[in-house]
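Residue numbers (the numbering used here), protein chains in the order written: chain B, 1 to 78; chain S, 1 to 78; chain A, 1 to 145; chain D, 1 to 145.
One thing to keep in mind: the hints can contain errors.
What the hints assert, rightly or not - In silico DSSO-like cross-links for lysine-lysine, where the CA-CA straight-line distance does not exceed 30 Å:
1) A:Lys7 x A:Lys88
2) D:Lys62 x A:Lys74
3) A:Lys7 x A:Lys140
4) D:Lys62 x D:Lys7
5) A:Lys62 x D:Lys62
6) D:Lys128 x A:Lys106
7) A:Lys136 x S:Lys58
8) D:Lys62 x D:Lys128
9) D:Lys106 x A:Lys128
10) A:Lys140 x D:Lys74
Hints were generated in silico from the structure; no laboratory data involved.
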Amino acid sequence: MQVSIKYFASLRELIGEASVTIDIEENTTVHDLWMEIIRRKNIEFDNVMMTVNMEYVKSERQLIAGDEVAFFPPVTGG
Amino acid sequence: MQVSIKYFASLRELIGEASVTIDIEENTTVHDLWMEIIRRKNIEFDNVMMTVNMEYVKSERQLIAGDEVAFFPPVTGG
Amino acid sequence: MLVDIRKESFNAYREILSYQESQNFSGEYGATASFVGSMRDFNEDRKVTSMTLEHYPGMTEKHLNAIAREATEKWRLLDVLILHRIGKVTIGEDIVVVASWSAHRKEAFESCRSMMEQLKSSAPFWKKESTTSGSKWVEKNTPGI
Amino acid sequence: MLVDIRKESFNAYREILSYQESQNFSGEYGATASFVGSMRDFNEDRKVTSMTLEHYPGMTEKHLNAIAREATEKWRLLDVLILHRIGKVTIGEDIVVVASWSAHRKEAFESCRSMMEQLKSSAPFWKKESTTSGSKWVEKNTPGI
Numbered sequence: 001m002q003v004s005i006k007y008f009a010s011l012r013e014l015i016g017e018a019s020v021t022i023d024i025e026e027n028t029t030v031h032d033l034w035m036e037i038i039r040r041k042n043i044e045f046d047n048v049m050m051t052v053n054m055e056y057v058k059s060e061r062q063l064i065a066g067d068e069v070a071f072f073p074p075v076t077g078g
Numbered sequence: 001m002q003v004s005i006k007y008f009a010s011l012r013e014l015i016g017e018a019s020v021t022i023d024i025e026e027n028t029t030v031h032d033l034w035m036e037i038i039r040r041k042n043i044e045f046d047n048v049m050m051t052v053n054m055e056y057v058k059s060e061r062q063l064i065a066g067d068e069v070a071f072f073p074p075v076t077g078g
Numbered sequence: 001m002l003v004d005i006r007k008e009s010f011n012a013y014r015e016i017l018s019y020q021e022s023q024n025f026s027g028e029y030g031a032t033a034s035f036v037g038s039m040r041d042f043n044e045d046r047k048v049t050s051m052t053l054e055h056y057p058g059m060t061e062k063h064l065n066a067i068a069r070e071a072t073e074k075w076r077l078l079d080v081l082i083l084h085r086i087g088k089v090t091i092g093e094d095i096v097v098v099a100s101w102s103a104h105r106k107e108a109f110e111s112c113r114s115m116m117e118q119l120k121s122s123a124p125f126w127k128k129e130s131t132t133s134g135s136k137w138v139e140k141n142t143p144g145i
Numbered sequence: 001m002l003v004d005i006r007k008e009s010f011n012a013y014r015e016i017l018s019y020q021e022s023q024n025f026s027g028e029y030g031a032t033a034s035f036v037g038s039m040r041d042f043n044e045d046r047k048v049t050s051m052t053l054e055h056y057p058g059m060t061e062k063h064l065n066a067i068a069r070e071a072t073e074k075w076r077l078l079d080v081l082i083l084h085r086i087g088k089v090t091i092g093e094d095i096v097v098v099a100s101w102s103a104h105r106k107e108a109f110e111s112c113r114s115m116m117e118q119l120k121s122s123a124p125f126w127k128k129e130s131t132t133s134g135s136k137w138v139e140k141n142t143p144g145i
C-alpha cells in the first residue's frame, strides 16, 4: 500500500527532499516507517515529531493506504 | 492639630461632602477618626478603605498634623 | 513607561501602537501582552446605558505609577503602558488598557495580568452605572483569579 | 473567529482593531487579552538580521483552528483572533497575534495565554534565523510557563 511522507525544516534539509510517496507493508506503524527512513538515509535525528493526516499521533499508530505522514523537528513558531 | 479628610463615591454621597479640614487630638488613629465620623454623621458603612497621604494604611496608623486622610468604599476601576 | 488618566474617549489599540512607535525600541522586545477593559451594556443582570468613573486625583496617578514601576523591576520589562478612563463612559468605550513589553512571553503575560489585578483591587476608581431604572454605584469588582 | 496565516507583513494592533470593528459586537465584551510576538534582533547570544518561517500548509490552519475553537468552548469566549506570519520576516515585524474577547477578564487572560502556549508547543512552524555568520534553525522555543 502507498503512503505519502512529508519532511519539514532541518529534517527536510537533512534528508534532501520535502515529500515522497512510497510503498509500505500492511501493519506498518509510524515508528517502523521512521526507523526505515533513518536506516535508509543513514541519518541521526533526535526529538522527531510525527503526524498522520495532520494530527499528532503516537509512534505505534498503524498506517493505512493513503495516509499522509509527516516527520519534523520540534516546532518553533510564535 | 489639623488634618484634611476626603470622601469618595457612595461614601461621599452618604456624608454629603467631598472634603473637610478638621481639628483632632494628638495621637488620634485613623480608626479613631473613622469612628468619630460615623458617630457624628450617624451613618453605617461597611468595608471602608482608608489612606493617609495617598497610601493605604492600617487603621491603627496614628495621624500627624497636615495629614490627608481619605475614606472610600471598595474600589471598582478597571 | 506611560501612565495616564484620560477624561476623553480613547482607542486602546491605537494608544498601544502610537506609544510603541514613539518609544523607538522595535527589535528589542519579542513579546507584548495587553489587556483592554471595555464598557459592556450589561452588568449583573442590569441593562446599563452609561457609566461615570470617579477617581482620587493625585493618588490615582501615584498608585498606578507604583504598580507600573514595581512590575518593570520584578519582571525586568522593557516598557509598560497603563491608561485609565475617568468621567462619563458610554457603551463599548475602552475603560482601561495595560500593556507590557518584554524579551520573552512569560514575563509579558505574568506582569500584564498582575498589574491588572492590582489595579482592580487597589487603584482608587469607582464606577456608577446608569440604567434605565436609575443609577447605582458598583459595589465590587468581579474576581479575576 | 478568525485564524489566518500571513505571507505579508502585518501590524498586530491594526489587525485586532479592524477585526474587532468588523464583528460589530461592541458592548458585549468587557475584556480583551492579547499577545503579540515580534521579531527581536537578538536570540540566545546571536545577533539576528532576518528570519524565515516555514510551516506545514494545511495542518497549520487546521491546528490553529482547533486551538481557537477549543478555547472558545472551554472559556465561553465571545471571539478569538489568531494570525501567524510565514516567509521572510525582518527585525521588529510582528510574527504572531492571539487575542480573546470575553465578558470578564479571567477568561480572557487564561484563554489567551493557553492558546499561545499550545501554539508554541504544537503548531507546525519552524524558524530559521539569519545572522551575520550564516543561518541556523531555531532548535526549540523558550519555555512560557
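Now the hints, each set against the structure:
1. A:Lys7 x A:Lys88: Since the Cα atoms of Lys7 (chain A) and Lys88 (chain A) sit roughly 8 Å apart, the hinted pair holds (cutoff 30 Å).
2. D:Lys62 x A:Lys74: The given pair, whose Cα atoms are some 38 Å apart, is violated under the 30 Å limit.
3. A:Lys7 x A:Lys140: Given pair Lys7 (chain A), Lys140 (chain A) holds - Cα atoms ~23 Å apart, limit 30 Å.
4. D:Lys62 x D:Lys7: Holds, at about 17 Å.
5. A:Lys62 x D:Lys62: Since the Cα atoms of Lys62 (chain A) and Lys62 (chain D) sit roughly 47 Å apart, the hinted pair is violated (cutoff 30 Å).
6. D:Lys128 x A:Lys106: Roughly 22 Å between the alpha carbons, so the hint for Lys128 (chain D) and Lys106 (chain A) holds.
7. A:Lys136 x S:Lys58: holds (29 Å)
8. D:Lys62 x D:Lys128: holds (23 Å)
9. D:Lys106 x A:Lys128: Distance ~22 Å between Lys106 (chain D) and Lys128 (chain A) Cα, so the pair holds.
10. A:Lys140 x D:Lys74: Measuring from Cα to Cα gives roughly 26 Å; hence the hint holds.
The structure fails hints 2, 5 (numbered hints given earlier, in ascending order).
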